[in-house]
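K.L.:
Protein chains in written order, with my numbering: chain A, 5 to 711; chain B, 184 to 503; chain C, 1336 to 1600.
Be aware that one or more of the hints could be misleading.
[To be verified] With a cut-off of at most 25 Å between alpha-carbon atoms, the simulated DMTMM-like pairs for lysine to aspartate or glutamate come out as follows:
hint : chain 1 : residue 1 : chain 2 : residue 2
1    : B       : K217      : B       : D326
2    : C       : K1587     : B       : E493
3    : A       : K656      : B       : E493
4    : C       : K1483     : B       : D326
5    : A       : K692      : B       : D490
6    : A       : K444      : C       : D1367
7    : A       : K444      : C       : D1424
8    : C       : K1566     : C       : D1406
9    : A       : K236      : C       : D1406
Keep in mind that the hints were calculated from the coordinates and are not lab data.
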Amino acid sequence: MINPEHDAQVVTRIVQQDFPLWMSVTFYLAAFISTAIFFYGCFIQVRKYKRGQPFSLTHIKKGIVDMIKDLLSHRTLRRRDRSAGLMHALIFFSFVLLFIGTVTITLDYDILRPITGRMIFWYGEFYLWFSFVLDIAGLAFAIGLLYMMYRRKWMALPKLNYARSDRTQEEPDYDRSWYRFEDWLFLWNLVIIMITGYVLEADRLVWLQDDPTVWDYRWWSPVGTLFAEAMKSMYLTSEGAESFRYFLWWFHALTAFLFVSLLPFTKAKHIFTALVSLVVRNHRSPARLPITDVTAESIGVRSITDFNWKQLLHTDACTKCGRCHEACPANASGFPLSPRDMILSLRELSNNTLQKIKIPEAPLLNVVGDGVNQIRPETLWSCRTCGACQEICPVGIEHVPMMVDIRRALIEEGEMDPAVQTALQNLQKKGNSIGENKRKRAAWTKKLDFDIKDARKEPVDLLWFVGDYASLDPRYQKVCQSFARILRTSGVDFGILFESEMSAGNDVRRVGEEGLFEYLAENNIETLADCDFNRIVTTDPHSFNTLKNEYSELGGNYDVLHATQLVRQMLTDSQIPLARTLSKRVTYHDSCHLGRLNKEYDAPREVLGSIGVEIVEMPRNRDNAFCCGAGGGRIWTPDPIEIEKPSEIRMKEAASIEGIEAFVVNCPKCMNMFEDAVKSTGSDDKLKVIEIIELVENCLVDEVQPL
Amino acid sequence: MNKIMVIAEHRLGELTAATFEVIAAAVGLKRTKKFSVNVAVLASNPAEFSTKLNIAGVDEIIEVQIQENQFQTDTYEAIINSLLDEYAPSVVLTSNSIDAWSCMPTIAAKRQCGFATDVFALNYDGDDLIATRAAYGEKMHVDLEFPGKETVLITLRGNTYKPIEQEDSVPVSSFSAPSVNARTTHKRFIEPETTSDVDIAQAELLLSIGRGIEDEDNIEQFEELADTMGFTLGCSRPIADNGWLPKSRQVGQSGKIVVACNTYLAFGISGSVQHMAGMKHVPNIIAVNTDAEASIFTIAKYGVVADMFEIADELINHFE
Amino acid sequence: MKILVPVKQVAIIDEDCEIRDDGKNVDVDFLDYEINEWDNYSWELALNLQETYGENVEIVPLTVGPSEAEDVLLNCLAKGGKRGIRVWDDALVDSDSFAIAQVIAKVAEHENADYVLTGTLSSDYSFAATGMCVAGLLNWAHAAVVSKVDITPDAQQITVNRELEAGIEEEITVESPAVLSIQLGINEPRYASLRGIKQAKAKPIEVMSHKDFGLTDAEVGEMGSLSKVRKMYAPELSQAELIEGTVAEQAKRIAEIVKELKGGA
């Protein structure tokens, strides 16, 4: 491709061509200054993180591998917003290419050439391919950026709406105009760098149009050449081009330097913070919350410096994409909680305090309060710990453990909704949140016409951990009775703990009462230690979650199954004698604790499929399922009257589906919430709320039983 | 003859209703043994109360003049102490009122006489007085005895004894009060604010509505029914959550535990665990629900499987 | 100012329980225990005074009960206070309000307390007498069912509200030292976290016997009580009676029942 008449060595771009010495020196000086500012900015950020608590990373290698996988596939960005993911990929990969390009030039021109006296590789064929790839990269970059501008300005996406649910308009930190300014500055900065790049490139071509080693190969820079042809058609001459060149050159350089210097101070820093955030993310949270030392001097987060460096880094990784804001059920119902705004407030607080030379006095560091950038208790208590925020966050921020950390401090201070206090006191006294006498826990078994084995006294194969609401809620007791009948009919050797069972403590933990969680868990572990069993099964996803994921840290290691997982296995092994299959069309609600937190979406669906039930999925299903609103202690707290509760929002989503007769759940708390919601939304003439176990039981009997 | 002394109680110029119930109890004891019933009234102008104490079966009204009309601990204690020294009754009866709580235990402690509160049945086993009261929140009953105690102070539970209608003219005597060092001073009474919101936890008769009401517009019918029957209106959580009734009307774990209720009429309430936590202790629960499986029937005394609106339509006709 | 706060561990039973052999109480196997609800309020009042007046106030929880009763002291100490006192001896079994009051009065003297704050009543027996019995034994000024309190350290006289029937309150002044029995709702008792309770175990609890205060066995227990239990028994319970018939018949029956119940006894 190189004309044999041309010396390949000469087919290159002379960097800083014709620059007087002072101009080159000034350039390098400016580069130095810009880089110094960049590093200073990095220093400020790193110092800020180090002002948090220490945290030791485990699984660094795996973290890096996962991050690279996520980055290359752009999986976290493409989910539920394919166009944004695609366009960001364009921006990202082209930026990477352009950056590699700059590095390449610097390497050969500024390092190797002075040492060896000549260009080592950046000329000839390599140079031509290089030019071509980068020109196309620039175009991709442009397309991506322009789409993002369009998306931000014209698509009116709810997730990009910065309006806050945790502040009123009069409050000083309601105003988000700085964020909007920063967003547009970022976009325009890059767009201008890109446009000036092309114009500069084109200008050079017009200027050097008489040099065949340049002009003959111009189409290897197709975009630049198009610009050049346009400029020529507007009667730009070589001399004219030459006269513009310095201006264009410096304009382009300075905008680029501006970008680099400002990078650690603006949202551009997500380039680094998001990367590291993805490396350090803990995929197991929020299913498994980090355990803490309850005997320590203090527990939970009161001051911004009580967060560890990883958490502070997380707040810096946020790009305000709004996916968590959109996914949050509390936010959807109008509660003063937006996960996005919580993280941003923490970020602002940490920036305002920990970026200073000297850390301010303690009260200014308080995370909870009424002041600017502080989090209000009602924001924290609105959270359902459903994990939807964390699940969709493209940069791996862990909202839930951070929120629980702050709750822990509030609980210690006694700051909580009175209804939560009552529930915790009931749990302390009676081992269940409802306040029912311990002896009543197994009262539901009395309705059965057979006895259930006492797992405390006899060995069993399967130990059934029933759970609070499952044992004591009258509606759900029927489900327990159904499950007992299924197990019995299938010849399973199972038993329960009767009144020795205490609440598994999942929600207690999520409310922030670590001491009580440990107390409950230790009691249960002790009870279980005296039993002889192979596996644990439960119909309650909350108990399932904590038994499976969190009890091991306290010495309880069990093989735990959710009822649907067990039933699937039993159906596969033909262990359940089915007398018939149903032909129903239903919709199925993935509970947060079985679904999103523990990723079990298939077992219940397979079970329903095996018994002839056809599922018509709701628009938001599986990992995107919309929480019933009972988690995080909210089952104990009355919701404000005016709002539309999460369960009602979800029920309406289901009711809009044609031709279904039931809303199928797999969790006692979901059942409790949805039984209310089906009535209050007036959907009870159309839908019945049924538990998946009840449907299975319905297949055990020959007589047609109306459900 | 053995004496039963009744301490009459009054407030804001009126004898309390409970006083008449206590008198009835005292007179009732005359059926078992030979007793004389002496009613003591402590007031700044005792004569205006004496006229109302002319009840058949009362043998003497003892007027004691005191300076201030309202109750004061040291005054009542000193006077009752003197009365006991003078009259040596075997039984002293008063109602289980706040004022009685404020002074009777103190008197009993100083004299070390027999003592029991909140008694709802008095009987004699030979010469032994047996007082019956409740324990463990009404779940158990206890028979108490007072061996070796010449005098027994008893406060009687309200709403247990029916006042005597019949009148009689009763001799009146005066008793002079000893001097008293009063260590508390009355400043003022504070009447409750008249709000439309009533404290359902204080109500004895509750008519409660649940999800079965279905629509806010249907509440009016039950408000009227409750009013006509002399019941206070309450509700289960969904009703309060919807804002159809104020939260102060909600019965249940996160609403009110209706401690004073003794008759609970539940319409369209299925009986969630949280709701029952607020009312299952009520001795007389009548539940109306179309669902025969509703949990509330497991704790109700009477169950009616029927449509609540139809029942309400009929029921109101039986009350003025 | 020293405030002594007697707190009680009350027993709760459920339906299926049995009476013990001597017929006087429920068999211990069927008893569950918890802190008396009213005592949460009196202790919260003490905590608030401590927080307001700081070092000028010492608050001490006291319980009369066996070692299991230390749970209620821990519950109190988890919220505040530096030490607790527990008095027990086997001779104290089956004490009534008065016998317990004997012990409390001695402790109050021993501690040089300025105020004794009890709950209005305890949820197991609801005698509503212990506090006022203590007042009689100490011969202190007293007020029962207190719904509002204004105490300053070294005050000769304090102002309290008594919660009377029918929603009326009475404001009175009371000379100190005084015994007050505190009513529900006077404040909002704070939560005692499990962690707080664990940390409370490090606070000292003095364990004594009534004999340490010069009380004889005859002055406490059943012998020292002002009433004795002859018998405890479960009252007759009836099953839910289903009212059958037409709607009109059912309504009529309901009306009859209601009128019967309203009529009294």
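K.L.:
Next step is simple, just say for each hint if it's right about the structure.
P.N.:
We went through each hint and held it up to the structure:
The suggested pairing of B:K217 with B:D326 holds, with an alpha-carbon distance near 22 Å, which does not exceed 25 Å. Only pairs whose Cα atoms come within 25 Å are accepted, and C:K1587 paired with B:E493 is accepted, the gap being roughly 12 Å. For the proposed pair A:K656 and B:E493, the alpha carbon gap of about 31 Å is over 25 Å, so the pair is violated. Of the supplied pair hints, the one linking C:K1483 and B:D326 is violated, its CA atoms being roughly 35 Å apart against a limit of 25 Å.
Between A:K692 and B:D490 the CA atoms are separated by roughly 21 Å; this keeps the pair inside 25 Å, and the hint holds. Distance restraint check for A:K444 and C:D1367: the Cα-Cα separation of roughly 13 Å lies within the 25 Å cut-off, and the hinted pair is therefore satisfied. For a cut-off of 25 Å, the pair hint linking A:K444 to C:D1424 is broken: about 34 Å separates their Cα positions. Of the supplied pair hints, the one linking C:K1566 and C:D1406 is violated, its CA atoms being roughly 29 Å apart against a limit of 25 Å.
Restraint check for A:K236 and C:D1406: not satisfied, since their Cα atoms lie roughly 92 Å apart, outside the 25 Å limit.
Violation of the numbered hints given earlier is confined to hints 3, 4, 7, 8, 9; the remaining hints are satisfied by the structure.
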